[in-house]
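Sequence lines, in order, name chains A and B. Residues in the first sequence are numbered consecutively from 1, following the working numbering. Residues in the second sequence are numbered consecutively from 156, following the working numbering.
Watch out, some of these pointers could steer you wrong.
Stated by the list, open to error - Listed below are the simulated BS3-like cross-link pairs for lysine-lysine, each with C-alpha atoms no more than 27 Å apart in a straight line:
1. B:Lys193 <-> B:Lys235
2. B:Lys238 <-> B:Lys227
3. B:Lys163 <-> B:Lys238
4. B:Lys235 <-> B:Lys160
5. B:Lys194 <-> B:Lys235
6. A:Lys81 <-> B:Lys193
7. B:Lys227 <-> A:Lys37
8. A:Lys37 <-> B:Lys160
9. A:Lys81 <-> B:Lys227
10. B:Lys238 <-> B:Lys160
11. B:Lys235 <-> B:Lys163
In case anyone wonders, no lab produced these hints; they're calculated from the structure.
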Amino acid sequence: MSLFGIQITLMVHVLFGVLGIMLAVALLVYVLNANEKNIPRIRRLSLYTALSITLSYVIGGWWYVAHYYPERDIIRGGAWKWAHTFFMEFKEHLFFLLLFLSILLPIIAYRNDLMIPENRRLMLIVTWLIILIGLVTDGSGAIISRGVIVGYMGR
Amino acid sequence: MTNSKLDKPTIGFGLSVAVVSILNTLLVIFKELTPTFKKAMADATGHHWTTHGVIVIGLFIVLGFVFSSMAKPESWGADKLGKAILWSVIIGGGALAAFYMLH
């Protein structure tokens, strides 16, 4: 794959990650204001969130395994080596929790009565966790990208 | 759907998230502290993270179905399941961060 293609792929990974967070935020608002009319929308949003996070995982995972090593070496040679040793290592394993929580979301939404407050609270907990972990992984990704820049600046 | 109880797959896969959140961190700690094991993981699929993914995703799916078949809806309300997921993610994620800070 060309350098352009590799960079675009990484951006698509980020795009789906951010989209997943935004969909989860929208879902949170609808669950907080749940009524009979918006239950179908809650269910669809839960599914779109899961699809977006899963796509981000698959694309980002492929990029990490196939194309990250040259960037890792640049980060490790620079002043921000912790961008890899902490943030990338942490992010690549925390992402699994995000993936599992997002897959759980449509299972809760499609298979249970969301007009029951306890069931909605479960949806809210899972959705909040997706948003928070999503922001942590997104922020970690930004730090890793800056780590590459800092690595180049020190050469 | 007017049943106030959670259905079995929700309980099963919810519990699977809770258990695998912890197992994921334990696997990270074990592979990072055991270089031969990490190398074996890398040899298995070409990258240790790919093997890690196969293991935890496999566990998530298998445990999800196992817990679904065993789940008793009268024992697992939504609030109880929500707390189990919340605390396991806090403990699993927190321990993961702490480990990489110290490692």
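* **Distance restraint between Lys81 of chain A and Lys227 of chain B, which requires alpha-carbon spacing of 27 Å or less** => Roughly 48 Å between the alpha carbons, so the hint for Lys81 of chain A and Lys227 of chain B is violated.
* Asked: For the pair supplied as a hint, Lys81 of chain A and Lys193 of chain B, is the alpha-carbon distance within the 27 Å limit?
  -> holds (21 Å)
* Lys194 of chain B paired with Lys235 of chain B [C-alpha distance capped at 27 Å] -> violated (39 Å)
* Asked: Does the alpha-carbon distance linking Lys238 of chain B and Lys227 of chain B stay inside the 27 Å limit?
  -> holds (17 Å)
* **Holds or violated: Lys235 of chain B to Lys160 of chain B, with C-alpha atoms at most 27 Å apart** => holds (12 Å)
* **Pair hint outcome, Lys163 of chain B versus Lys238 of chain B [Cα-Cα no greater than 27 Å]** => holds (17 Å)
* Distance restraint between Lys227 of chain B and Lys37 of chain A, which requires alpha-carbon spacing of 27 Å or less -> violated (31 Å)
* **Pair hint Lys193 of chain B and Lys235 of chain B, alpha-carbon separation not exceeding 27 Å** => violated (36 Å)
* Asked: Hey, Lys235 of chain B versus Lys163 of chain B, does the alpha-carbon distance stay inside 27 Å?
  -> holds (14 Å)
* Asked: Does Lys37 of chain A pair with Lys160 of chain B here, judged by a C-alpha cut-off of 27 Å?
  -> OK: Lys37 of chain A and Lys160 of chain B at ~22 Å, within 27 Å.
* Asked: Is it true that the CA of Lys238 of chain B sits at most 27 Å from the CA of Lys160 of chain B?
  -> holds (16 Å)
Hints 1, 5, 7 and 9 from the list above are not met by this structure, while the remaining hints are.
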